[in-house]
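> These are the residues of each chain, in order.
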Amino acid sequence: MRDVAIVAFAQTAHSRTSDELSEVEMLMPVLHEVLDRTGLKTADLGFVCSGSSDYLAGRAFSFTMALDGVGAWPPVSESHVEMDGAWALYEAWVKILTGEADTALVYAYGKSSPGELRDVLTRQLDPYYVAPLWPDSVALAALQAQALIDAGATDERALAGVAARSRTDAAANPYAQLSGPAPMGDYVVRPLRRGDCPPVSDGAAAVILAAGDTARALCARPAWIRGLDHRIEAHSLGVRDLTESPSTRLAAERAGAFARPADTAELHAPFTSQEVVLRRALRLDDDVTVNPSGGALTANPVMAAGLIRLGEAAARIHRGESDRALAHATSGPCLQQNLVAVLEGEGHAA
Amino acid sequence: MPEVLTAPLVVEFPFTRSLGPVQSAFLTGLRARTVLGVRASDGRVVVPPTEYDPVTAEEIRELVEVGTTGTVTTWAWNARPRPGQPLGTPFAWALVTLDGADTALLHALDAPGAESVHSGMRVRIRWAEERTGAITDIACFEPYDSEPGRQPTAHSGEFADTDTETNADTDANADAGPVTGIIAPARLDYTYAPGRAQSRYLNALVDRRTVGERCPACRKVYVPPRGACPTCGVATDEQVEAGPNGTVTTFCIVNIKARNLDIEVPYVYAHIALDGADLALHARIGGIPYDQVRMGLRVAPVWTEGARFPDHYRPTGEPDADYDSYKELI
Numbered sequence: 001m002r003d004v005a006i007v008a009f010a011q012t013a014h015s016r017t018s019d020e021l022s023e024v025e026m027l028m029p030v031l032h033e034v035l036d037r038t039g040l041k042t043a044d045l046g047f048v049c050s051g052s053s054d055y056l057a058g059r060a061f062s063f064t065m066a067l068d069g070v071g072a073w074p075p076v077s078e079s080h081v082e083m084d085g086a087w088a089l090y091e092a093w094v095k096i097l098t099g100e101a102d103t104a105l106v107y108a109y110g111k112s113s114p115g116e117l118r119d120v121l122t123r124q125l126d127p128y129y130v131a132p133l134w135p136d137s138v139a140l141a142a143l144q145a146q147a148l149i150d151a152g153a154t155d156e157r158a159l160a161g162v163a164a165r166s167r168t169d170a171a172a173n174p175y176a177q178l179s180g181p182a183p184m185g186d187y188v189v190r191p192l193r194r195g196d197c198p199p200v201s202d203g204a205a206a207v208i209l210a211a212g213d214t215a216r217a218l219c220a221r222p223a224w225i226r227g228l229d230h231r232i233e234a235h236s237l238g239v240r241d242l243t244e245s246p247s248t249r250l251a252a253e254r255a256g257a258f259a260r261p262a263d264t265a266e267l268h269a270p271f272t273s274q275e276v277v278l279r280r281a282l283r284l285d286d287d288v289t290v291n292p293s294g295g296a297l298t299a300n301p302v303m304a305a306g307l308i309r310l311g312e313a314a315a316r317i318h319r320g321e322s323d324r325a326l327a328h329a330t331s332g333p334c335l336q337q338n339l340v341a342v343l344e345g346e347g348h349a350a
Numbered sequence: 001m002p003e004v005l006t007a008p009l010v011v012e013f014p015f016t017r018s019l020g021p022v023q024s025a026f027l028t029g030l031r032a033r034t035v036l037g038v039r040a041s042d043g044r045v046v047v048p049p050t051e052y053d054p055v056t057a058e059e060i061r062e063l064v065e066v067g068t069t070g071t072v073t074t075w076a077w078n079a080r081p082r083p084g085q086p087l088g089t090p091f092a093w094a095l096v097t098l099d100g101a102d103t104a105l106l107h108a109l110d111a112p113g114a115e116s117v118h119s120g121m122r123v124r125i126r127w128a129e130e131r132t133g134a135i136t137d138i139a140c141f142e143p144y145d146s147e148p149g150r151q152p153t154a155h156s157g158e159f160a161d162t163d164t165e166t167n168a169d170t171d172a173n174a175d176a177g178p179v180t181g182i183i184a185p186a187r188l189d190y191t192y193a194p195g196r197a198q199s200r201y202l203n204a205l206v207d208r209r210t211v212g213e214r215c216p217a218c219r220k221v222y223v224p225p226r227g228a229c230p231t232c233g234v235a236t237d238e239q240v241e242a243g244p245n246g247t248v249t250t251f252c253i254v255n256i257k258a259r260n261l262d263i264e265v266p267y268v269y270a271h272i273a274l275d276g277a278d279l280a281l282h283a284r285i286g287g288i289p290y291d292q293v294r295m296g297l298r299v300a301p302v303w304t305e306g307a308r309f310p311d312h313y314r315p316t317g318e319p320d321a322d323y324d325s326y327k328e329l330i
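Chains as they are written, first to last, in our numbering: chain G, 1 to 350; chain R, 1 to 330.
Every clue listed holds true.
A short list of chain R residues far from chain G (calculated; beta carbon distances all over 10 Å):
id : residue
1  : Ala154
2  : Thr180
3  : Thr250
4  : Gln292
5  : Ala307
6  : Asp320
7  : Asp324
8  : Lys327
Now the stretches of chain R that chain G is said to cover, found in silico as 3 or more residues with beta-carbon under 8 Å:
id : segment
9  : 9-21
10 : 64-78
11 : 194-202
The set of hints was computed from the structure by calculation and includes no laboratory data.
Note that this is a predicted model, so its numbers are computed, not measured.
We treat Cβ as the ideally placed atom computed from N, Cα and C, and that holds for glycine.
So here's chain G without its partners, still in its complex pose (with noise of 0.2 Å):
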């Protein structure tokens, strides 16, 4: 099998609005980052692709008018899923797994700032028992919470605990959209208070995946995807035990995250119940730094949110802060499909 690493990395500073901009006036300077990163050009690229979803701005086709922003001549071969960009870079992997190219660019962006983010995430759900009750994101999520407390898996003051880690963390991030301490504040839904929800966030990330002697090449300390596998569980949240996320078990195992420790994970947890979940599901202890970056609970621009996790690994990794680091990508509600890989740089950090 060919190594593959992600080299380069680059985001928007996330923000609750961004109405001066469209999507790929938003986009492009990610774009132009990532690829001045390496000394690429769109020219140079194997393979384009990108993830993103309409109903977030409500923009027909909004993905094409993105395209825009990567210069689509002399043809690209492209690629777009309706999903965190996460799931555009297994696409991505396996393009370059398959030899048809030797590098790609992938990206993704959501401006979720133009509607109501907790009603539009209620049309992803099944549209003849759920959706027509319109339940959205802080409820679902706040159903799990409650499963969790019961089983007495985590508290109320746990949560509190993990929102205020995240947000220390994220005054050393100055891409984050929150940091520094705040209050839990008031009950959104019950047990989920104001400060175990992510922000609303509009934002942009991309990353570019060489092979080999290329990303080598383009980078001092890529960071080698050694794993990298999703799965996804039933759609019925009443079908599952939301306590649990054998899918992100599954895909750990599958990805090889168990033969050894790692000693960073970048885990895609919207809210902080689910990075109880996700702790359990990966196994990880105190030892590990988990979202050194101040994770999703300090930007969640949607459909970016994972592949910043990816980018995040990588880029500790590129900076010799991290060895073997875990990334985590999450669709649906309530964990319903998770994404894991294994990034490792080679020889120790310094």
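With chain G fixed as given, assemble chain R onto it according to the hints.
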């Protein structure tokens, strides 16, 4: 910095969805105040029932009737209900395992306050007065003390045209045959913001000026501009006034009247390269019989009072443009 434009945008669809045999039986059952489940390959009773096994994906068809009372497995207190949700007053979201079922159904639980709700509490279905064969035929759950233990019983999935169990029930809920589909209305409200480049373009149109933007790399002028040169992948930032006149580069004749559009057919819709632009925009051609419109025709915009964009384009009377002058813009 020019004014950033915004406008309300409503995206609304009535989704018409057909049902499989299991979903059809379940929703027909709700209309008759009966809850059906389906037995999965491992013996579990799945409620609400699915057409396929949630674990093995096998087709499953064995229907059973379960109770209308059940037990809360988890809940969340919703102090501020949102549009479209089952109740307008504070309520609990709850996953409820109905008696005889092995999986839980999501719905609202009408309870006086968060303190009155707990996992393990007993509840029953409160039926909607008007039932149409939809999940909303369950109005919500309500607290109700009763003994669990009911076993699922076999059910054919068929319901009599009149509801014999409640023969006093003279409403139209139970006598319309099996439910074979649902219409699920969905409406999302947005505040649309077109971004910098299009805001500049739209603001200039107020003064009846057409302002495109030039790519700093390939020098092409885009009208209307969208912020990026799709060829070079860089921002367009130099503003260039184009038009007002232009050349028809290609056209079509519209013969079918569009709904909500008060234009007599046939009419011509054309690509028009404004003078100074490197990309054609499209608009209707008027002021000339439809069968006399041709490539190369020179046209000018026609504005109506108070409009923010031209209503259509009409011939200027100039000689037609040379093919070579616009062939790159077709």
